[in-house]
Structure formats: C-alpha cells, structure tokens
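Chemist: Model the full structure from these sequences, guided by the hints.
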Amino acid sequence: MLTFVLKRLASTIPVILIAITACFFILRLAPGGPFDQERALPPEVLANLRAYYHLDDSLIVQYFRYLGRLAQLDLGPSFVTKDFTVARQIGIGLPYTLILGGSAFLLAIVGGIAAGIYGALYQNRSADYAIAAIAMTGLVVPNFLVAPILQLVFGVKLSWLPVGGWGDGSPRFLFLPVLVLALPHIARISRLMRGSLIETMNANFIKTATAKGIGRRRVVLKHALRPALTPVVSYLGPAAGYLLTGSIVVEQIFGLPGIGRYFINAALNRDYGMVLGTVIFYMALIVLLNLLVDLAYAWLDPKVRQR
Amino acid sequence: MTLYAGKREALEDAFIGRDDEMPRGKPRSVTRDALRRFRANKAAMTALVVFVLIVLAAIVGPYLVPYDYETPDWEAFTAPPSIESGHYFGTDQNGRDLLARTLYGTRVSLLVALIATTVSVIVGVLYGAVSGFAGGRIDSAMMRFVDVMYALPYILFVILLMVMFGRNVFLLFAAIGLLEWLTMARIVRGQTLSLKEKEFVEAARAAGVSSFAIILRHIVPNLVGPVVIYASLTIPEIVITESFLSYLGFGVQEPLTSLGTLISEGTGAIGSADWLLLFPGGVLVTMLLALAFIGDGLRDAFDPKDR
Numbered sequence: 001m002l003t004f005v006l007k008r009l010a011s012t013i014p015v016i017l018i019a020i021t022a023c024f025f026i027l028r029l030a031p032g033g034p035f036d037q038e039r040a041l042p043p044e045v046l047a048n049l050r051a052y053y054h055l056d057d058s059l060i061v062q063y064f065r066y067l068g069r070l071a072q073l074d075l076g077p078s079f080v081t082k083d084f085t086v087a088r089q090i091g092i093g094l095p096y097t098l099i100l101g102g103s104a105f106l107l108a109i110v111g112g113i114a115a116g117i118y119g120a121l122y123q124n125r126s127a128d129y130a131i132a133a134i135a136m137t138g139l140v141v142p143n144f145l146v147a148p149i150l151q152l153v154f155g156v157k158l159s160w161l162p163v164g165g166w167g168d169g170s171p172r173f174l175f176l177p178v179l180v181l182a183l184p185h186i187a188r189i190s191r192l193m194r195g196s197l198i199e200t201m202n203a204n205f206i207k208t209a210t211a212k213g214i215g216r217r218r219v220v221l222k223h224a225l226r227p228a229l230t231p232v233v234s235y236l237g238p239a240a241g242y243l244l245t246g247s248i249v250v251e252q253i254f255g256l257p258g259i260g261r262y263f264i265n266a267a268l269n270r271d272y273g274m275v276l277g278t279v280i281f282y283m284a285l286i287v288l289l290n291l292l293v294d295l296a297y298a299w300l301d302p303k304v305r306q307r
Numbered sequence: 001m002t003l004y005a006g007k008r009e010a011l012e013d014a015f016i017g018r019d020d021e022m023p024r025g026k027p028r029s030v031t032r033d034a035l036r037r038f039r040a041n042k043a044a045m046t047a048l049v050v051f052v053l054i055v056l057a058a059i060v061g062p063y064l065v066p067y068d069y070e071t072p073d074w075e076a077f078t079a080p081p082s083i084e085s086g087h088y089f090g091t092d093q094n095g096r097d098l099l100a101r102t103l104y105g106t107r108v109s110l111l112v113a114l115i116a117t118t119v120s121v122i123v124g125v126l127y128g129a130v131s132g133f134a135g136g137r138i139d140s141a142m143m144r145f146v147d148v149m150y151a152l153p154y155i156l157f158v159i160l161l162m163v164m165f166g167r168n169v170f171l172l173f174a175a176i177g178l179l180e181w182l183t184m185a186r187i188v189r190g191q192t193l194s195l196k197e198k199e200f201v202e203a204a205r206a207a208g209v210s211s212f213a214i215i216l217r218h219i220v221p222n223l224v225g226p227v228v229i230y231a232s233l234t235i236p237e238i239v240i241t242e243s244f245l246s247y248l249g250f251g252v253q254e255p256l257t258s259l260g261t262l263i264s265e266g267t268g269a270i271g272s273a274d275w276l277l278l279f280p281g282g283v284l285v286t287m288l289l290a291l292a293f294i295g296d297g298l299r300d301a302f303d304p305k306d307r
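Chain order of the listed sequences is V and D. Start counting the first sequence at 1; every next residue gets the next number (full-length UniProt numbering). Start counting the second sequence at 1; every next residue gets the next number (full-length UniProt numbering).
Hints are computed from structural coordinates only; laboratory data are not their basis. Don't be surprised by glycine CBs; every beta carbon is placed ideally from N, CA and C. There could be a bad hint or two in this list.
[Said to hold, decoys possible] According to the in silico footprint, chain V covers these stretches of chain D (three or more CB under 8 Å from chain V):
(1) 240-249
(2) 258-269
(3) 277-290
[What the hints assert, rightly or not] Listed next, with one range per pair, are the computed distances between beta-carbon atoms:
(4) V:Leu106 to D:Ile59: 30 to 36 Å
(5) V:Arg88 to D:Val148: 47 to 53 Å
(6) V:Gln72 to D:Gly268: 38 to 44 Å
(7) D:Tyr150 to V:Asn202: 30 to 36 Å
(8) D:Glu199 to V:Ala203: 26 to 32 Å
(9) V:Gly91 to D:Gly249: 21 to 27 Å
(10) D:Gly268 to V:Pro257: 16 to 22 Å
(11) D:Gly268 to V:Asn124: 42 to 48 Å
Modeler: If you want it as structure tokens, here you go:
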C-alpha cells in the first residue's frame, strides 16, 4: 500500500512543477503590475519597491528564488495587501472554504448516490424521470445562475433563508451555498450511480444472491453497492477539483470569506504573489484530494492495488 | 431511447420519406446517414430550431429593436417590462433597454464561443491527428503533454490568462480555445490510430503522398463524426466559461455586454428588479438546453451503437 501511495505522489510532482513554472512565467509576461495605481508612483519609490520585492532581478533568478522559498513552504509576500503574507491570507480563508467545500462534497456523494440507487431500482417510473430531469437541469444551468434564482426564491420571495454572508456559520446560512455548489455533482453522481447499479443488478452474482433467498434490501446494500460504486469513486477525484474551483464563484456570489474571494481580488489587482500562491495552494489541495480518492478506489477495487 | 423504438421508426418514415426519391443502391456517406438520423430525432430537431432562432435574433434583432444597447432612455430608469413603452424586457438602472442589451449580449457570447470553438477544433484535430499518425515515441511524448495539461485546474488557468490578456476579449477567447482542445486531441488520436491502418491510407502512402498531406486529405475528413459531436459539446462549455468570467468581472467589459455580464448585473438587483436577472438568465438556459439536446442528438446520429 505504501509503495502505491509513494508512486502516486511521485507521478504528481512533475505535473505540479510544470504548473508552477507555467503560472510563474504567464503572470510575469503579463503587462501591468501590482504597483500600477491611478497616480503613478515616483520612479525612485517604484525602484525601491521593486528592489524590496526582488522584482528587478532577472526572471530566471526570481523563478529559482521562488522555488527555493516554496520548498520551505513559504509562499512569499502579497504585493497589494502588504500587512499579510500570502500564506496568512490563505490561512484566514481556508476554514471557510473547507467547510463549504467539504459539506458540498458530502451532500453530492450522499444525495447523488441515494438518487442514483432510487433511479436504478425504480427504473422508468415517474420518480426516475423526475430525477433525470432535475439532473439534466443541474448539469446544464451554471452555478452563477442557479445561485441568484435560489436567492430570489428562498431569500427574497419566501424569506426562509438568508441571501448571503457567513453569519454564524449555521446551516441556515450554509444551506444555499452548499446546495448550489453540490448540485451539478449530485446530478453527475446520480447518473453514474444509476447506470452502474443497473448493470450490476443484472450480473450473475446478484442473481445467485437473490436465488439463495437473500432479501432485496440486503442484496442491494451488501452485494451490489460496493462493485457499483467504482465509477462514482473515480469521479470523486475530478469532482473535488471542480468543487474547489466552483467554490470561488459561490463564495463570490454569497459573500463568503473563503480563499476564493482573496484569489479573485488578487487577480483583479494583479497581485502576482497572491495569485501564484493561491493557484499553487489550490493545486496542492487538488492533488492531495485526488490521492485520497485513489486510496479509496484501491480499497474498493483490489485489482488497482496490484498494479 | 430504446423505449421509443417503435415511435422512432414511425418518425423516421414520416420524416425521411423524401430520401426514397434518391436512386436506390447509391451508397450513403457516413455524414449523410447521420444527418438522416438526426432529422428523425424530434427533441434534437426542436432544439436545433430553437437554437437557430436564438442565433438569428442575436444577429438581426439589434437592428429591429427600437432602442440600442447603450443609450439610456431618460424617461425610464429601472422600468419593469411593459408593452406600451416598447421596453418589452424592461430597462436597467441606467435606463438602457434590456431587450436590446440581451440580444446584443447573446451576440457577443455566441461570437466568443464561435472563436474559441474554432481554435479548439483546429488545434485539437491537428494535434491529435499528428500524434496518432506519427505513433511511437512522438506519440507518447505528445500525449504525455496532454496528460500534464489535463492535470492543471482549468478555471485557474483561464483566470491567469485573463490577468495576462486584460481587456482584449477576443484574444482571450482564442486563448481559452487553446486550453480547450485537450479532449478533442485525445479523441482524434484514438480514431487516427485505427484509421491509419486502413487500406486507403496505405494506398496513399504507396502512391508517395507526404505524411502531412495524408493527415489533411485522408485522415481528417474521416473524423467528421467525433469532431462534430465533441465540438457541439465544447460550444456550451465555452458559453458558460465566458459568462462565468464576465460574471466575476474578468470577461467582457462595458460598454460591450454579454449574457454573463447581464446576469451579474441582474444578480445585484434581485428583489428590486427581478427582470434584469430573469430575462438574460432565461435566454442563457434556453440556449444551453438547446445545445445540450443538439449535442445528444448528434451523438446518437453519428454513433447509433452507443445508444
């Protein structure tokens, strides 16, 4: 198992390195910089600033300095929010993003699997069609449109739920953002689950189990569920990535103080240090989540472990 | 779809009667066959009609509407939709006619999607075909590169490019197209691998045709099916990406407008001027649903086994 983990980690290192390199150079090739303001700074001040942040060295030198710092887990300073380092801003936003993303992840898994099982067991009944229709809408309508419509219905018209903000972090405040973030993934997971469970239920070992006289409930939960879960689990890796990037928009719409907000502001202000730092952090998180998903996959499907 | 098999045949008879005038025995090309099946698909044809109507409205509409998209009507600020005033969709906070703005925004969104999709098709097809045709070490190196690109979080890269390209929207979307070609390249490569073993390619090679000419003249024309299917899936994805970026404030800037920008403005007005969200949102959803059904129809038409 340990070699499996190490191998997976080793294969992601070149990818992360290439990504860091690409991000670094793309950002530096961009015109404009973090010190561009309405009123141009005096040249001496600008020169001092650039010297302070080592921006006057050659790109290559800057690149290797950045990598060196990164190896010590130092994400460097933020050029615009000067009192906070990049790592500190990420640290402030992280709990909010994790609570939001984690809840959405759970909701997507539980809701998607439940809807999928229901659809598979009651194939072609009206409830199955209703689930399919909702799933189609969830997949097609983007989150920045679902969100304001839900805000309008549940927040403004019915006044059941707050329209935005973190509040005290209670479920009342979290319900809409989590739902919006999870919706497309509930849809996708329910489709995957439905398809694979239908296929599994037709397999011979299920017929054997049924023939032995095991109850239907037990057949589904004990025998069919685990093999039917594999396509769902392999989707969870990409889903974790989508949830993280999706949380950027959802945080923006609902005014939640997560990392996404810092990222958008940094990108709008051309704060290189912050943008680069956040992108790298997001990528590291995605790699980590993918690794966890792969481990879950290995647990579900013994064939993967042996490879 | 199998449920409707009987109905489907009836539909085919009704719709395709005309084809029988064609001399019997003449071989049908793959494309022609697919078009016939597509025409028989009621949902896809309806979606196609809706989509064509939206495209026509976006092209011609702005000239037919009595107001233009950027001039304020000083008599009507934030006016609700009404027939008498001629503001059928109402006006925004600056007194600009929402119908004109929606039409114009649809046009910009579609144009951007067209540019990005064209770029992604050209790059994806050429890359995939060259990789598959070359085979061996070149192939594995080229596909390794695609794998690495896949691993990078797409939206983060788009935002980075946004920071880089700033306000030049069309350049930006060419760049998005440059990121969107990965799946296309994979599909095309797979097809090319089997196509290059076919006799007609051998014949061309024996006749001394250069590799590049074989790719362009003999391989690419045989890829119509998968390329059309995948391109039809790329368009809505890019429409969403554009709206998403414009929503966050990175994309299309004033005085130009797009569906995403309009939805973003409408989101700020929910509760006081709901129509600002509902009309552009409705157009976006209709367009995305239509494109989804067209994509499904094309897949069924080109790949009937897959149903």
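Chemist: Each of the hints needs a verdict: does it hold here or not?
Modeler: Hints, one by one, checked against the model:
Counting residues of the segment 240-249 of chain D whose CB falls under 8 Å from any CB of chain V gives 6; the rule of at least 3 is met. Residue count for the segment 258-269 of chain D with a Cβ under 8 Å from a Cβ of chain V: 5. That meets the three needed, and the coverage hint holds. Closer than 8 Å: that is the beta-carbon criterion, and the segment 277-290 of chain D has 6 residues meeting it against chain V, so the requirement of 3 holds. A hinted range of 30 to 36 Å is violated for the C-beta pair leucine 106 (chain V) and isoleucine 59 (chain D), which are about 46 Å apart.
For the hinted restraint 47 to 53 Å between arginine 88 (chain V) and valine 148 (chain D), the CB-CB distance of approximately 31 Å leaves it violated. The hint said 38 to 44 Å for the Cβ distance between glutamine 72 (chain V) and glycine 268 (chain D), and at roughly 43 Å that hint holds. The given range of 30 to 36 Å is respected by tyrosine 150 (chain D) and asparagine 202 (chain V), whose C-beta atoms sit roughly 33 Å from each other. Checked against the given bound of 26 to 32 Å, the beta carbons of glutamate 199 (chain D) and alanine 203 (chain V), roughly 40 Å apart, lie outside it.
Separated by about 25 Å at the C-beta atoms, glycine 91 (chain V) and glycine 249 (chain D) satisfy the suggested range of 21 to 27 Å. In this structure the supplied range 16 to 22 Å holds for glycine 268 (chain D) paired with proline 257 (chain V), their Cβ-Cβ distance being about 19 Å. Separation of glycine 268 (chain D) from asparagine 124 (chain V) is about 43 Å and conforms to the stated range, judged on CB atoms against 42 to 48 Å.
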